[in-house]
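Q: Chain order of the listed sequences is A and B. Letter by letter, the first sequence follows residues 1 to 292 in the numbering used here. Letter by letter, the second sequence follows residues 1 to 292 in the numbering used here.
Some clues are possibly wrong.
Stated by the list, open to error - Not everything, but these chain A residues come out facing chain B in the computed CB check (under 8 Å):
| no. | residue |
| --- | --- |
| 1 | Ala161 |
| 2 | Leu166 |
| 3 | Asp202 |
| 4 | Val205 |
Unchecked claim - Partner residues are not named here, just some residues of chain A that face chain B (Cβ under 7 Å, in silico):
| no. | residue |
| --- | --- |
| 5 | Leu39 |
| 6 | Val115 |
| 7 | Thr156 |
| 8 | Ala159 |
| 9 | Arg218 |
Keep in mind the hints are simulated off the structure, nothing from the lab. Predicted model, so just to flag it, every value in this text is computed and none were measured. Glycine included, every Cβ here is placed at the ideal spot set by N, Cα and C.
Listed here are the chains, written in short residue letters.
There are 2 protein chains.
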Amino acid sequence: MSGGYIAIDWGTTNRRAWRMSAAGEAEASLKDGRGILSLTPDAYPAEISAIRAQLGALPVIAAGMVGSNRGWREVPYVDAPAGVDALAAGCVTIKHAAAVLVPGVALRGAARADVMRGEEVQVLGAIAAGLAPADALFCQPGTHNKWIATEDGRVTDIATALTGELFALLRGHGILAGMLDGAVADGAAFQDGLARGAGARDLTVALFEVRARVLLGRLAPDDAAAFASGVLIGADVGARDDLAGRTVQLLAGGALADLYAAAIRQCGGTPVTLDSERAFAAGIHRLWELTR
Amino acid sequence: MSGGYIAIDWGTTNRRAWRMSAAGEAEASLKDGRGILSLTPDAYPAEISAIRAQLGALPVIAAGMVGSNRGWREVPYVDAPAGVDALAAGCVTIKHAAAVLVPGVALRGAARADVMRGEEVQVLGAIAAGLAPADALFCQPGTHNKWIATEDGRVTDIATALTGELFALLRGHGILAGMLDGAVADGAAFQDGLARGAGARDLTVALFEVRARVLLGRLAPDDAAAFASGVLIGADVGARDDLAGRTVQLLAGGALADLYAAAIRQCGGTPVTLDSERAFAAGIHRLWELTR
Numbered sequence: 001m002s003g004g005y006i007a008i009d010w011g012t013t014n015r016r017a018w019r020m021s022a023a024g025e026a027e028a029s030l031k032d033g034r035g036i037l038s039l040t041p042d043a044y045p046a047e048i049s050a051i052r053a054q055l056g057a058l059p060v061i062a063a064g065m066v067g068s069n070r071g072w073r074e075v076p077y078v079d080a081p082a083g084v085d086a087l088a089a090g091c092v093t094i095k096h097a098a099a100v101l102v103p104g105v106a107l108r109g110a111a112r113a114d115v116m117r118g119e120e121v122q123v124l125g126a127i128a129a130g131l132a133p134a135d136a137l138f139c140q141p142g143t144h145n146k147w148i149a150t151e152d153g154r155v156t157d158i159a160t161a162l163t164g165e166l167f168a169l170l171r172g173h174g175i176l177a178g179m180l181d182g183a184v185a186d187g188a189a190f191q192d193g194l195a196r197g198a199g200a201r202d203l204t205v206a207l208f209e210v211r212a213r214v215l216l217g218r219l220a221p222d223d224a225a226a227f228a229s230g231v232l233i234g235a236d237v238g239a240r241d242d243l244a245g246r247t248v249q250l251l252a253g254g255a256l257a258d259l260y261a262a263a264i265r266q267c268g269g270t271p272v273t274l275d276s277e278r279a280f281a282a283g284i285h286r287l288w289e290l291t292r
Numbered sequence: 001m002s003g004g005y006i007a008i009d010w011g012t013t014n015r016r017a018w019r020m021s022a023a024g025e026a027e028a029s030l031k032d033g034r035g036i037l038s039l040t041p042d043a044y045p046a047e048i049s050a051i052r053a054q055l056g057a058l059p060v061i062a063a064g065m066v067g068s069n070r071g072w073r074e075v076p077y078v079d080a081p082a083g084v085d086a087l088a089a090g091c092v093t094i095k096h097a098a099a100v101l102v103p104g105v106a107l108r109g110a111a112r113a114d115v116m117r118g119e120e121v122q123v124l125g126a127i128a129a130g131l132a133p134a135d136a137l138f139c140q141p142g143t144h145n146k147w148i149a150t151e152d153g154r155v156t157d158i159a160t161a162l163t164g165e166l167f168a169l170l171r172g173h174g175i176l177a178g179m180l181d182g183a184v185a186d187g188a189a190f191q192d193g194l195a196r197g198a199g200a201r202d203l204t205v206a207l208f209e210v211r212a213r214v215l216l217g218r219l220a221p222d223d224a225a226a227f228a229s230g231v232l233i234g235a236d237v238g239a240r241d242d243l244a245g246r247t248v249q250l251l252a253g254g255a256l257a258d259l260y261a262a263a264i265r266q267c268g269g270t271p272v273t274l275d276s277e278r279a280f281a282a283g284i285h286r287l288w289e290l291t292r
């Protein structure tokens, strides 16, 4: 295992770890729910030991919320525009644990502020691996959907939308609770929702319409969740006015990627689905090389 | 008490009842938390008896969610455009209880659907009492803010925004929970939020910015709630493109009315605060006269 290391994508609720070869190839991995919210700061040395017991006694490089003020140790954000070099320069080494923590990226624009931790590794890795061009627009759906623009291989813009979180809050609580338990797929109800939500300035009115449409017999109760999801994803994607004729690099898989792909197409963009795990491996390996 | 009656505004979580004179003057009242969510359909006769024990053995007319499918008995919506006559024609009498239930109003537009139950009595009452003109725009903030347009004394448009509910959900759950416990008043942070939210198509991005601004030291933690409230109310009010130079009839009082008034002014409108209790009394009295 000479020259190998362990790479960790350590998020809020989940983490994944890979044993990487010196050449940057993933050789073994583990995935569990021990995200930072389930850990106190003093728990990390033991967590690292447990990961080494499974993957090998190797140095560690970790990205994601592990470097936040709720994680192991706070690693200051690097400011956008930021490329791999700036990210590597901002890494913090915890010597006693033979571990490197990767910083996040902050957008301190005149009009807007935003932050991310972890997604930048996938984005810069996708470019490093040739999966995406150096000037690109990435979309990484999830509880919080991240839009990330790059120019010349550097992150230049970040916009985080609470889309997934709002859907979960509305499904679990409030006036729409109990109405949003149906399946969500790219069908007629989802498309109707997309059309209602895309470009809407009255998102909260559109959300109440889920209830009104069901009460007035215009929306089948089983379709309410798909319609509401369409409204929210439509508002998220439709808020961008830069999608027409543009390729969007989608860092996701599964059902959620399908829904965002449909919304991107509806707004005139062309979605391309990337292998986010491969992108992360490429990005973290580049950072590993630069911080050795 | 000859010719007198009891008027009830019976909502989801609260109810108010007034003993009304034959001339429509409120003579006594009660207010409690026995809204429809705390009652089963078979509980209403006993509830009415208890109200009569306090206010007098008089016939009853009740408006609000009491006529919904979760209330005492479902009273079908009357369709907009709807004036007092249509509302009176849609009332349902429960003879054994000597009670009249007022219907709600439904908007079945080509593009939009919306509903209300209870607010229409205040709106039509405000017009009947001369508090507002027959062609007007009303705003009734609350958990769900209702925008109601009237023409020639009839309700022609309804838009319900989930503004207050979203604020409560974000304060109680998710990534912003714990950040939104500060005071909300019309100060600099609220105005910054208004400016960010008004007309925004990216409301869910603006909401994540609350967190990013605090993390990056651009927003004091104590100001986060006021900023977030400004974003949400700004989006609600700013979604309307018909406020410039227009008077908005505000059916609310207290702190929430102040916040909406500030947002309406920022969007070029002129808020006028109405006495919503007086408006309800005038509306329910008109309906009482028409249904006797």
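Q: Now look at each hint and say whether the structure bears it out.
A: Cross-check of the supplied hints:
Checking A/Ala161 against chain B: minimum C-beta separation of about 4 Å stays under 8 Å; hint holds. With a least beta-carbon distance of about 6 Å to chain B, the hint placing A/Leu166 at the interface is held under the 8 Å criterion. Below 8 Å, beta-carbon pairs count as interface contacts, and A/Asp202 has one with chain B at about 4 Å; its hint therefore holds. Hint on A/Val205 holds. Least Cβ distance to chain B is approximately 5 Å, under the 8 Å limit.
Interface restraint check: A/Leu39 against chain B, minimum CB-CB distance 18 Å, threshold 7 Å, status violated. Interface restraint check for A/Val115: the shortest CB-CB distance to chain B comes to about 5 Å, inside 7 Å, so the restraint holds. A least Cβ separation of about 16 Å between A/Thr156 and chain B goes past the 7 Å threshold, and the interface hint is therefore violated. Interface hint at A/Ala159: satisfied, since its Cβ lies 5 Å from the closest Cβ of chain B, which is below the 7 Å cut-off.
For A/Arg218, the interface hint holds, since its Cβ comes within 7 Å of a Cβ in chain B; the closest pair sits about 6 Å apart.
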